Structures are given as C-alpha cells and as structure tokens.
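> Assemble the whole structure, with the sequences as input and the hints as a guide.
Same order as they appear, the protein sequences are chains X, D, B, Z, S and U. As numbered in the working numbering, residues 1 to 248 make up the first sequence, in order. As numbered in the working numbering, residues 1 to 248 make up the second sequence, in order. As numbered in the working numbering, residues 1 to 248 make up the third sequence, in order. As numbered in the working numbering, residues 1 to 248 make up the fourth sequence, in order. As numbered in the working numbering, residues 1 to 248 make up the fifth sequence, in order. As numbered in the working numbering, residues 1 to 248 make up the sixth sequence, in order.
Honestly, the hints are just simulated from the structure, not real lab data. Quick caveat, the model's predicted, so the values are computed rather than measured. Every clue listed holds true.
Because identical chains cannot be distinguished in the list, a pair is counted as satisfied if it fits within a single copy or across any two copies.
Cut-off 25 Å, straight-line C-alpha distance, at most; resulting in silico cross-link-like pairs (PhoX-like, lysine-lysine):
| hint | residue 1 | residue 2 |
| --- | --- | --- |
| 1 | LYS23 | LYS63 |
| 2 | LYS232 | LYS118 |
| 3 | LYS219 | LYS118 |
| 4 | LYS219 | LYS243 |
| 5 | LYS118 | LYS222 |
| 6 | LYS232 | LYS222 |
| 7 | LYS118 | LYS243 |
| 8 | LYS235 | LYS63 |
Number of protein chains: 6
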Amino acid sequence: MRIKVINPNTSWDMTRRIEAAAKMYAARGTEVVAVSPERGPPIITSRYDDAIAVVGLLEEVKKGVRDGFDGFVVAAFIDTGLYEAREAEEAPVVGIAEAAMHMACLLGDKFSIVTISKRMVPVIEGLVRRYGLKEKCASIRVPEGDILAYRGEPGKMRDALARASRMAIEEDMAEVIILGGGAMAGLDVELEEELGVPVIDGVVAAVKLVEAVCGYGKKTSKAYSYRWPDRKEFKGHPEILEKWPDEG
Amino acid sequence: MRIKVINPNTSWDMTRRIEAAAKMYAARGTEVVAVSPERGPPIITSRYDDAIAVVGLLEEVKKGVRDGFDGFVVAAFIDTGLYEAREAEEAPVVGIAEAAMHMACLLGDKFSIVTISKRMVPVIEGLVRRYGLKEKCASIRVPEGDILAYRGEPGKMRDALARASRMAIEEDMAEVIILGGGAMAGLDVELEEELGVPVIDGVVAAVKLVEAVCGYGKKTSKAYSYRWPDRKEFKGHPEILEKWPDEG
Amino acid sequence: MRIKVINPNTSWDMTRRIEAAAKMYAARGTEVVAVSPERGPPIITSRYDDAIAVVGLLEEVKKGVRDGFDGFVVAAFIDTGLYEAREAEEAPVVGIAEAAMHMACLLGDKFSIVTISKRMVPVIEGLVRRYGLKEKCASIRVPEGDILAYRGEPGKMRDALARASRMAIEEDMAEVIILGGGAMAGLDVELEEELGVPVIDGVVAAVKLVEAVCGYGKKTSKAYSYRWPDRKEFKGHPEILEKWPDEG
Amino acid sequence: MRIKVINPNTSWDMTRRIEAAAKMYAARGTEVVAVSPERGPPIITSRYDDAIAVVGLLEEVKKGVRDGFDGFVVAAFIDTGLYEAREAEEAPVVGIAEAAMHMACLLGDKFSIVTISKRMVPVIEGLVRRYGLKEKCASIRVPEGDILAYRGEPGKMRDALARASRMAIEEDMAEVIILGGGAMAGLDVELEEELGVPVIDGVVAAVKLVEAVCGYGKKTSKAYSYRWPDRKEFKGHPEILEKWPDEG
Amino acid sequence: MRIKVINPNTSWDMTRRIEAAAKMYAARGTEVVAVSPERGPPIITSRYDDAIAVVGLLEEVKKGVRDGFDGFVVAAFIDTGLYEAREAEEAPVVGIAEAAMHMACLLGDKFSIVTISKRMVPVIEGLVRRYGLKEKCASIRVPEGDILAYRGEPGKMRDALARASRMAIEEDMAEVIILGGGAMAGLDVELEEELGVPVIDGVVAAVKLVEAVCGYGKKTSKAYSYRWPDRKEFKGHPEILEKWPDEG
Amino acid sequence: MRIKVINPNTSWDMTRRIEAAAKMYAARGTEVVAVSPERGPPIITSRYDDAIAVVGLLEEVKKGVRDGFDGFVVAAFIDTGLYEAREAEEAPVVGIAEAAMHMACLLGDKFSIVTISKRMVPVIEGLVRRYGLKEKCASIRVPEGDILAYRGEPGKMRDALARASRMAIEEDMAEVIILGGGAMAGLDVELEEELGVPVIDGVVAAVKLVEAVCGYGKKTSKAYSYRWPDRKEFKGHPEILEKWPDEG
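Okay, structure coming up:
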C-alpha cells in the first residue's frame with residue numbers, strides 16, 4: 001500500500017518531520033511519501049492562507065493519482081481542500097483533523113483540541129461541526145504564549161501544551177487530547193506519558209485510518225458530494241487541475 | 001456608497017445579468033459595479049470549482065480595497081471565499097446565499113432553497129449549518145430536468161422552478177423560497193407572483209444587506225475569525241495576494 | 001419609505017431617544033416615526049410585562065396599517081408581539097433583538113448580548129433559539145450593578161457595559177457585541193471605539209433591515225405562520241383589534 | 001387539593017367539556033374547577049388570538065391566587081401565557097401541550113401531535129422546541145378536512161383524527177399520539193382503542209401532573225425566569241394585573 | 001394503586017430509606033413496596049455495575065408483573081434497565097433520573113443535577129440526551145469531597161451538596177436542583193429550605209409520575225421501541241427472564 | 001497483533017461467518033479469533049435481549065484480558081456492552097455499529113443504515129446519537145419482508161437489502177450504506193457492486209479500526225467514563241466479573 005501525505009504548507013522541514021512520524025507508525029507493507037506542494041504559503045495560519053493553499057494541494061493530489069497512490073493524507077490541521085480532493089480522486093483521502101477526531105471517539109467520551117492561536121478556534125470549531133462531532137468535543141484550547149515561536153524549543157512547547165491539556169482534562173472533562181497543529185508533531189508520546197490520557201497526533205491517526213479504509217478496499221463515494229467535477233477550462237490556472245485520471 | 005459585486009464565475013454574461021438585478025434594487029445613492037475575476041472556472045458547479053475560484057475572487061477583493069469600495073458582495077450561491085475575503089478586508093462582505101437566508105428569516109418561519117443539482121444539496125446544507133440556520137431551513141430542493149440547460153429558455157426554467165417551489169411550500173411547509181443559483185437571477189418577481197410567497201434572489205438581498213450594514217457604519221470584526229492574515233510570501237501565487245491595505 | 005417604530009414601553013422619553021437613534025441612521029428618503037402605545041407597562045422588565053404590552057403594540061400596528069406605513073420596527077429587546085404583528089400586517093415587521101442578531105452574523109463569527117438583568121437571560125436565550133441562531137451566540141452577559149439605575153448616569157452605564165462586553169470578548173470569544181435593551185440606546189458608537197469590535201444597537205439594525213426588505217419590495221409571507229388571523233369578536237378587548245386592513 | 005383549570009378561550013361549552021374530562025380522572029380528594037376568562041377570543045386559532053387571550057388568562061390566575069387554589073392548568077394547546085402565569089404565581093402552573101408531551105415521553109420513544117390547522121404547525125413546533133423536546137417529537141400532523149367544522153359530528157372528527165394518527169404511527173414511527181387541541185377533548189379513549197397506542201388528552205395529563213407536583217409539595221422556582229414581576233402601573237389595563245398575593 | 005419500587009442496588013438499607021421517602025409522598029390509596037433484587041452489585045458506581053445489575057432488576061419486574069403491580073419505579077439514578085423493563089412489561093415503568101428531569105421542567109427553566117462522582121457525569125449526560133432534555137440541563141455538578149463516605153454523616157453531605165448546588169444556581173443559572181443519587185435521598189426538603197429553589201429527589205418524583213400515568217389509565221406503548229421481546233431461550237440465565245405475562 | 005471478536009449472540013454459526021469476514025480483511029500479522037459467550041440469547045432482536053447478553057460479553061472480555069489480546073471487537077450491531085467493556089479493559093474495544101459509522105464518515109457526506117426490523121430503528125437511532133453522529137445519518141431503513149427469515153436464502157436477502165438501500169440513496173441522499181446486522185455479514189461486496197456506492201460491513205470496519213488504534217499504540221482513556229470499575233462483590237453473578245487484570 002502506498003500513501004501520499006500532502007502537507008499543504010510549503011515549508012519542507014515540517015514536511016520531513018511529518019514524514020518521520022507517519023513512517024514510525026505505518027504498518028508493515030505501507031509505503032509513506034510526504035510532500036509539500038509547489039505553490040502556497042510557507043505555513044497556514046488563517047483561513048486566507050488555507051484557501052490559497054488549496055490549488056497547490058489539488059495539484060499534488062492529481063500528480064498522486066497519476067503516480068498510482070492508494071490513499072492520501074491531507075496534513076494540515078485545517079484539513080485544506082479535503083472535500084475538493086475527494087471530488088478529484090477516488091482513492092481515500094483523509095484529513096488529519098478529521099482522523100484525530102474520529103480516532104479520539106474510539107478512546108474516550110470527549111476530546112479536547114489544543115491549537116496554536118485564538119483565531120484558529122472558530123475555524124476548528126467549524127471543522128468539528130462539519131464532521132458532525134460537536135457533542136464529542138469538550139473544548140478547543142489555546143496554550144498561553146506564542147506556540148509557533150517555541151518551534152525551536154520543544155521543551156517550552158511541551159510545557160505549554162501540557163498546561164493547556166491539563167486544564168482541558170480537569171475543567172472541560174476531556175478524556176482524550178488532540179494536538180491541533182503540524183507544529184506539535186512528535187510530541188504525542190511524551191505528552192501522553194505526562195498527562196495519563198491518550199494524546200493523538202493527527203498525522204499518525206490519518207495514516208492509520210487510510211490504511212484501515214484501503215485495507216477494506218473502500219473508495220470515496222461518488223454519489224453526490226464527491227462526484228467527479230465537470231470537466232472545464234479554468235482561466236488562469238495550471239493545466240493539471242483540468243485533467244482527469246483517465247486522461248493520463 | 002459604492003458596492004463591488006464579485007461573481008467568482010468567469011462568464012461575463014452572467015455577471016452582466018447580476019449587475020442588472022443589483023442595480024434595479026440599489027438605493028438612491030448606491031453605485032453598483034459587478035465584475036468577474038481574471039482567473040477561475042467559467043461556472044462553479046462543484047466544491048472543486050469553488051476552491052479554485054477563491055484565488056481570483058480574493059484578487060478582486062484586494063483590487064476593490066485599493067479602489068475604495070465601501071462594501072462587497074460575493075455573487076455565487078456557494079459563497080465562494082466569503083470568510084477569506086472578510087479576513088482580507090475591513091469593509092463588509094456579504095455572500096448571496098447568506099444574505100438570502102437571513103432576509104428570508106425576516107419574512108417567514110422557514111425557507112426552502114431551490115438549487116440546480118443534487119451534488120449541490122450537501123454543499124448548501126453545509127452553508128446553512130455554517131450560518132447556524134439549520135432550524136429555519138425547511139428543505140433544499142432540486143427541480144427535475146437539467147436546469148443549467150434551460151439557461152436560454154427562461155419559460156422552461158421558470159416552470160421547473162415553480163414546480164419544485166410548490167412542493168417545498170406544500171410538503172415541506174416552506175414560507176419563503178430562495179433561488180439557489182446565479183443562473184436563476186431575475187426570475188424572483190415572476191415566481192413570487194405565481195407562488196404567492198416571497199421569492200428571494202440572493203444578489204438583491206446581498207446588495208440590500210450591504211447597504212444596511214454600511215448605512216449603519218459597521219465594519220467586519222477583527223477580533224478572532226476575520227483578523228488580518230499574517231503577512232507572508234505565497235510561493236507561486238500572484239503578488240497582489242500578499243499586499244495589504246496600508247501598502248497601497 | 002415610511003417606517004413606524006413602536007416602543008411597547010409606555011415611557012415616551014425612551015421613545016424619543018429611540019427615535020433620535022433611528023433617524024440618525026435612516027437612509028435618505030426614509031421617514032421614521034416612533035411611538036409608544038396607549039396602554040401597557042412603563043418599562044418591560046419581565047415576560048409578564050411583555051405579555052401585557054402586546055395588546056397596546058398590536059393596536060399601534062393596526063393604526064399604522066391604516067396610516068399606510070411601509071414597514072414596522074418593534075423596539076423592545078424582547079421583541080414584544082413580533083410574530084403576532086406579522087399576522088396582523090403584510091408590510092415587513094422587524095424586532096430589534098432579531099435585527100441585531102442577524103446583522104451581527106454578517107460582521108463576526110459569534111455575538112454576545114449584554115442585557116440588563118439575570119431574569120432576562122433565559123428570555124433572551126429563548127429568542128436566540130426562536131430565531132435559530134443558538135450556535136452564533138457566544139453568551140448573554142449581565143453587567144454587575146443595577147443597569148436601570150444608571151439611566152441618568154451614562155458614564156457609569158457605559159463603564160458597566162464595557163466591562164461585561166470585554167469579558168464576553170475575552171472569555172466567550174464574542175466578535176460582535178449586541179446591546180440588549182432600549183435603556184442602552186445611543187451607547188453603541190462610544191462602546192465600539194472603546195472595545196474595538198462592532199457594537200450593535202438593535203433599533204438602528206432594525207430600521208436598516210426594514211429599509212433593506214422594503215427596498216427589495218418584499219412582504220411578510222402569508223403561507224402558514226403569519227396567515228391573516230380569522231376575523232372574530234374579542235370579548236372585552238378594544239375594537240381596533242378586530243378590524244382588518246380592508247375594513248378601514 | 002384544589003386545581004383551577006383556565007380555558008383561555010371564552011366559549012364556555014368547550015370549558016364545560018374540559019371540566020368533565022378533568023373531573024373524570026382527578027384523584028380522590030382533588031377538586032377541579034374550570035373557567036373561561038372574562039375577556040379574550042371565543043376560540044384561539046392563531047398566535048394573534050393567543051396573545052390577546054393572555055390578559056384574560058392572567059386575570060383568572062390572579063383571582064385563583066386570591067381564592068387559594070393549589071395549582072393551575074392552562075387549557076389551550078398553545079399554552080397561552082404559561083410562563084407569564086408562572087411569574088405571577090408561586091403555585092404550580094402546567095400547560096396542556098407541555099403536560100401531554102412530558103407524559104408521552106414516559107410511555108414511548110417518540111410522540112406525534114395531531115392538530116387542527118396547518119398554521120398551528122409552526123406554532124406547536126415552537127412549543128416543542130421551547131420545552132426542549134424536539135428529539136422526542138416524530139411529527140406534527142394535520143388531518144385532512146376542516147376539523148373545527150366537525151365539532152358537532154364527533155364521528156367524522158374521530159375518523160379524520162384516526163387517519164392522521166395512523167400515518168404518524170406508520171410513516172413517522174410515532175409511539176404515542178397527542179391530541180393537539182381542546183376541540184378534540186374526550187376522544188382519547190376511543191382513539192386509543194382504535195389505534196392500539198397511547199392517545200393523550202393534554203387536559204387530563206395536565207391535571208395529573210399538577211396533582212403530582214402539588215403532591216410532592218413543590219412550587220415554581222423564583223430563581224430567574226419566573227421571579228415575581230416588578231410592581232408597576234400598567235397604563236390602560238385592568239387593576240387586578242397590578243396586584244400581588246400579599247396585597248389581597 | 002400498587003407501585004413496586006425496585007432499587008437495583010442490593011443493599012437493603014438504602015432500599016428502606018427509598019421506601020420511606022416514597023411512602024411519605026404517596027397519595028392516599030397508593031401502596032408502595034420497595035425491594036432490592038437477589039443478584040447485582042451492592043451499590044452501582046459505574047456503567048459496568050449498572051449493566052450487571054440489569055438482570056436482577058428484570059427479574060424483579062417479572063415477579064412484579066406476576067404479583068399484579070400497577071406500575072414500577074426504577075430507583076437508581078442511572079435508570080438501570082429502564083427501557084428493557086418497558087419491553088418486558090405493559091404497566092408504566094418510570095426511572096428516577098427521568099422523573100426528576102421531567103418534573104423539574106415544570107418548575108423552572110433549567111435544572112442542574114448534583115451527582116456523586118466525576119465518572120458519573122458523562123453517564124448522566126448520556127441520560128439527559130437520551131430523554132431529549134439537553135437544552136433544559138444547566139449543568140451536572142460534583143460536590144467536592146467523597147460524597148459516598150459521608151453516608152453516615154448527613155450534615156457533611158448536606159453541606160457539600162448545598163455548596164455544589166449554590167454554584168449551579170449562581171454560575172450555571174439553574175432554577176431547580178436535582179439530587180442525582182440514591183445516597184442523597186431524604187435531603188431534598190432541608191436543602192430546598194436552605195437554597196430557596198425547588199430541590200427534587202427522583203424517587204418521590206417517580207412515584208408521583210407513576211401515580212399520574214396510572215391515574216390516567218395509560219400503559220407503555222408497544223408500537224416499536226417497547227414491543228414485547230421475542231420469546232427465546234437465554235443460555236445460562238435464570239428461567240424467569242424467559243417467561244411472559246400470559247404464561248403465569 | 002491479536003484481536004478477539006466477541007459475538008454476544010450465542011449462535012456459533014453466525015460467529016463463524018463473522019470470523020470468516022474478519023479474517024478476509026485482517027492485515028498481515030493480525031490474528032483474529034471470534035467467539036460467542038457461554039451465556040446469553042441465541043440472537044439479539046431487542047433491547048431486552050441486549051441487556052441480558054451483556055454479562056456473557058463481559059465474561060469474554062475478562063477472559064480475553066487474561067489471554068493477552070491486543071484489542072476487542074463487539075460484533076452485534078447494537079454494540080452490546082461496549083462502554084462497559086471499555087471500563088473493564090484498557091486495550092481498545094470497538095463496536096461494529098460505531099466502527100461502520102466512523103468509517104462511513106471518511107467515504108461520503110451521509111450514510112444510511114439498513115437494519116432488520118422496525119423495533120431496532122429507535123435503538124440504532126439511540127446509537128447514532130450516542131456517537132454524536134446524528135447529522136451524518138441520512139436515514140435508518142428497514143427492508144420489506146422478514147429479513148431474518150431470509151437467512152438461508154442469500155439471494156432474497158440481497159434483493160431486499162438492495163431495494164431498501166436504493167431508496168436510501170435516491171430519497172434520503174445517502175452516499176454510503178451500512179449493513180446494520182450480523183445476519184447481513186458477507187453481502188457487502190456484492191451489494192456495493194450493485195449499488196455503486198460504498199457498502200460497509202461493521203465487522204470488517206471494526207477489525208480495521210482496532211488495527212488502526214493498536215497500530216498507533218493507543219489504549220482506552222481511563223480519565224472519567226471508562227475508569228476502572230470499583231472492586232466489589234456482585235451478588236449472584238459469576239466470579240470472573242469481579243476480577244481485575246492485576247489479579248490474574
């Protein structure tokens with residue numbers, strides 16, 4: 001099984017960490033390749049950035065179709081272009097926010113999501129509602145301090161996340177913690193030990209769920225929502241977006 | 001007051017009809033300009049198309065900021081890039097789906113939306129939920145036949161819409177009908193006469209609501225959701241997307 | 001366009017302040033008249049008062065029909081008799097709570113309402129739910145101290161409202177503040193400057209929305225909810241309540 | 001125990017039938033008195049009528065307080081002035097729609113309400129939502145034909161109700177049927193035999209629930225929603241509305 | 001009328017206190033018998049215990065059917081086997097959590113439940129949702145300290161409950177308090193006096209509601225949810241579970 | 001990885017078919033063992049049967065803990081004792097209804113569940129709500145005819161399921177079909193080919209999700225809901241229920 005993990009952020013060092021996390025947990029026989037698109041923001045920190053990142057992501061999905069991947073992971077916690085990618089492809093596509101939430105539901109009654117900034121709270125709330133999981137979400141918490149600034153200092157980041165997670169567990173009665181951002185990748189094990197409840201990194205959850213869906217031989221439904229897009233010419237957009245699987 | 005109506009579809013004949021409808025109802029003293037972006041699909045018929053249309057739409061918003069418009073209307077019933085545009089601007093931005101739904105709430109207990117294809121039903125349902133108005137939506141109905149094919153035959157289109165609307169009124173107890181697609185622009189008056197309940201064209205509703213918001217002197221909140229995007233370089237994307245109001 | 005603003009409280013000094021606010025923002029060509037009914041409580045501070053105020057309000061609507069007004073505003077934040085007025089009339093009727101909430105949705109992801117007393121919280125919560133906007137309401141907050149007692153001291157009232165609003169913004173993540181009571185009329189501009197997010201006075205919002213609806217030529221749907229009431233004799237009630245538009 | 005049943009409709013023949021039904025099921029030791037107010041519509045068939053009926057109802061509650069009743073039933077299926085009566089009194093007040101729904105929840109998974117006209121559907125839907133019971137309501141159905149016209153022909157009315165109820169059971173999977181209107185009083189037993197599922201007359205349900213609440217010695221909470229109204233002078237309204245229990 | 005109160009906990013001293021409370025409020029003519037099953041946990045403190053207690057409870061229901069009881073109360077705040085008992089019987093069965101919540105709705109806008117341990121919070125939340133009453137539940141609160149350890153010290157327990165209740169009233173705006181556990185039985189009157197809002201003991205509420213339902217002559221609907229179970233042989237389970245009313 | 005699949009029905013032929021389906025899709029390196037408990041109903045067709053089946057299921061979980069299984073599947077579509085098993089164990093436990101629903105969410109916007117009898121509809125609706133997935137469930141449909149009677153005639157069963165599924169797709173806009181009953185195991189592939197949308201057998205979905213969760217090294221959260229039960233003596237119940245992992 002070959003899974004393509006697409007980090008819609010164009011900063012490759014994050015992509016490499018994502019790939020490492022994905023590979024660590026991939027099943028025997030699963031090959032994981034992680035990439036960043038050729039166009040898009042270095043790091044997505046708003047809906048605006050997210051919308052601009054979609055085109056690059058869709059290009060990578062189209063290339064992945066051509067290259068015969070069995071499944072795809074969208075590796076930004078805002079699930080950039082997830083539904084659009086499902087329209088453009090038949091092979092399963094799973095977003096890391098979506099995957100983390102569904103897996104969390106199997107491990108505890110309610111989950112909390114720890115994310116990087118207050119502006120992302122309504123955005124992630126929108127995702128929770130879109131996936132129909134509002135009643136399972138205890139809270140969305142933002143650690144104090146500037147999480148992105150801690151990227152070079154994993155100790156500081158871990159401490160800030162641990163504090164926010166502990167409040168989610170004690171005050172909001174979260175039973176599972178979801179790390180809501182690529183920048184936190186790789187901290188799940190350490191935090192889980194410290195907190196005593198499951199801590200989920202969406203990248204790993206998504207890879208495992210793509211394996212599960214592919215292992216069962218399922219493909220995206222083409223009934224209504226994810227029907228193939230109509231073939232048309234997009235003014236001013238890269239050619240690859242207008243090509244379909246059967247066109248080579 | 002100057003309002004820029006952006007039709008994210010790149011087919012100008014639809015844009016011209018939208019402009020005509022908007023101008024017919026604009027208040028004295030309101031100037032309306034309708035445009036299509038330079039890039040994007042000729043007509044949006046899926047989420048995929050919608051996502052690709054966002055970049056072109058945002059470019060038009062940025063240009064509109066530079067040109068000093070007082071407010072913006074996003075004129076595709078999928079409300080392309082609405083939240084992203086609000087991040088990129090301070091002046092009010094209103095989507096035509098959003099506007100039609102809010103106005104319908106002032107006229108009847110529940111509304112139904114008549115749209116062009118079954119694949120759009122879950123998409124529009126997503127919008128209804130995003131605007132928090134699920135309890136006010138009696139149904140989303142799709143007329144039989146190929147609505148888009150009727151674009152040259154207004155009589156056929158009107159009849160198909162009237163049949164679907166009547167079922168919404170009788171079976172789903174809709175009290176207001178919303179025309180869910182730019183292709184239906186201009187049919188509101190005729191249908192209203194035939195059906196005996198208010199029929200709303202989102203373009204007009206949006207222009208009137210932008211007038212209302214601007215007339216009260218309100219601007220988009222920059223508290224959390226629509227905070228200005230962080231300034232950054234977008235690999236492979238037009239320069240205009242990286243510029244902010246104060247940069248000229 | 002002629003809009004009749006009916007303040008169901010019988011204290012005319014509040015009515016005069018409401019009229020001033022409405023006139024300040026009315027569009028060119030809009031004539032605004034504000035009145036208090038002949039019967040009812042001096043100020044509505046409970047559901048009990050509200051129910052008793054309805055008869056007087058309906059009488060004013062009936063007179064307004066006779067006088068040919070194009071639209072009506074119900075100017076108490078409990079939206080006294082709003083649905084009943086819609087039954088009794090065809091011209092648009094908008095409540096100030098309703099208007100404030102719908103307009104807030106166009107400006108930010110969530111709004112908070114600041115109201116005058118704890119007993120009004122469940123009442124307003126009922127309104128929020130009735131308009132189907134529960135998911136857009138971050139909180140309903142009551143300032144500390146006796147807001148009504150501050151009516152002669154705008155400084156004190158403003159400070160109390162500012163404190164409550166700030167908590168709504170910081171703790172509940174409100175992006176728009178709604179002033180939930182006629183007593184707070186006229187403080188919107190000042191508070192908006194202080195808080196940095198949109199602050200909405202329902203009276204202005206309602207006038208602007210009536211203008212929007214009338215400008216589009218829409219009337220209340222008579223399909224089900226707001227069908228004309230059956231003609232009947234009301235024992236012990238003023239004659240005017242039993243008359244219909246076509247009876248003069 | 002003395003229970004005052006107030007039928008806010010001013011037609012005494014309905015009141016007498018209501019009293020008969022209530023007395024048939026009242027417990028040993030419960031005295032039931034049914035009355036109509038001095039003012040109000042002969043029969044409530046819209047929100048407009050309902051709003052006008054409130055004043056008369058509140059007057060009867062006030063008199064009932066003076067006369068020392070232990071509990072009150074509001075006997076119109078629109079629960080006229082229920083919350084306002086709770087403010088005005090301490091003794092339990094139960095509405096017949098409310099009572100029927102709560103009792104139905106003890107007997108089956110979901111209930112359907114059969115009501116007299118389509119215009120009442122959104123009104124009753126509003127009640128269902130107000131009582132927080134939306135998920136327990138399978139449907140609100142309106143029998144074909146003019147139910148009110150059948151008042152002299154119980155056979156015709158029963159047949160029309162039976163047909164609508166059967167559709168609710170078979171198509172909407174209702175497990176309990178609620179008769180949603182005073183005009184249907186007394187048909188519960190006959191219909192229950194025919195349909196094979198519990199059929200509830202709200203008047204009886206309300207009397208039994210008032211007995212239950214009074215038997216446990218509970219009174220309406222005065223914490224927030226139903227706090228005593230502030231004492232004030234109501235311009236142009238009967239004096240009795242301004243008096244409180246301790247004033248005689 | 002004869003009501004069988006089944007405490008699914010096998011500790012008879014709790015059962016005796018439950019019986020005392022039930023008898024104190026039973027109507028004239030109501031005979032109450034309280035029992036504990038022959039098998040099951042001494043006290044239910046988790047879902048695990050609850051599931052194991054069901055078999056014993058169902059045996060007692062079956063015996064009660066044979067003994068001709070008119071109605072049943074399930075007297076653990078987790079409503080052990082309530083729906084299963086309804087399948088196995090036709091006479092009304094009411095749970096104490098269910099009864100407390102429905103009665104609370106008649107007395108105030110929102111209720112809070114005070115329960116014994118944090119692990120019960122999601123369990124009770126599940127009940128609230130199952131009864132469709134989520135919007136009426138202000139909060140579920142757990143007093144500080146080990147409530148079960150206070151069983152011998154009613155003063156300490158009352159103080160802990162009062163503190164938790166007061167927070168529910170002041171911070172969550174609860175208008176009615178529900179005592180969420182058999183261990184708190186008998187403290188309702190004292191707490192109500194102290195708190196000034198209605199305090200409900202589910203055992204009493206359930207007895208009164210069974211009286212109400214039986215007094216109206218209603219039985220459990222056998223339409224879908226509570227249809228009689230199919231007759232079958234349960235491997236390794238007591239014979240009584242396989243017998244039906246008509247088999248003696 | 002060793003997964004124990006527990007079919008709480010005591011009929012081993014169904015268990016053997018379940019095992020076959022599970023093994024067909026298990027990953028390389030996954031060992032699957034399917035069992036039926038020693039006590040319980042031959043086939044669960046009601047809540048009553050389900051409650052009685054729990055004890056046998058928990059015994060099998062306890063034995064599985066002793067035998068060192070890595071994960072568990074509860075293989076009845078009513079998810080018998082799922083939450084109780086999670087309390088009793090630390091290794092992941094997944095129900096087949098739960099698994100089917102979560103996997104369906106990754107493949108289409110909405111799913112429909114096809115189940116065996118009308119009495120199961122409210123039961124499954126309860127599960128959908130418990131997992132917080134109500135908005136993703138398009139409908140629960142029951143094929144015409146007696147599905148259980150078709151167990152020997154797979155052709156008839158498949159045709160009945162196909163008809164019900166097609167109505168779910170066309171009328172309810174389901175994009176994924178879930179087979180809601182063990183009796184339908186093994187028909188997923190055939191039906192998927194016929195219907196053209198993904199058809200999910202919960203047994204396979206559950207095995208794949210247990211693999212996913214175990215592959216990521218996650219265990220059930222012991223924070224609140226699934227905390228270890230308190231050690232106590234269960235009167236009249238098998239000893240094994242009172243033993244804990246560390247006791248051997």
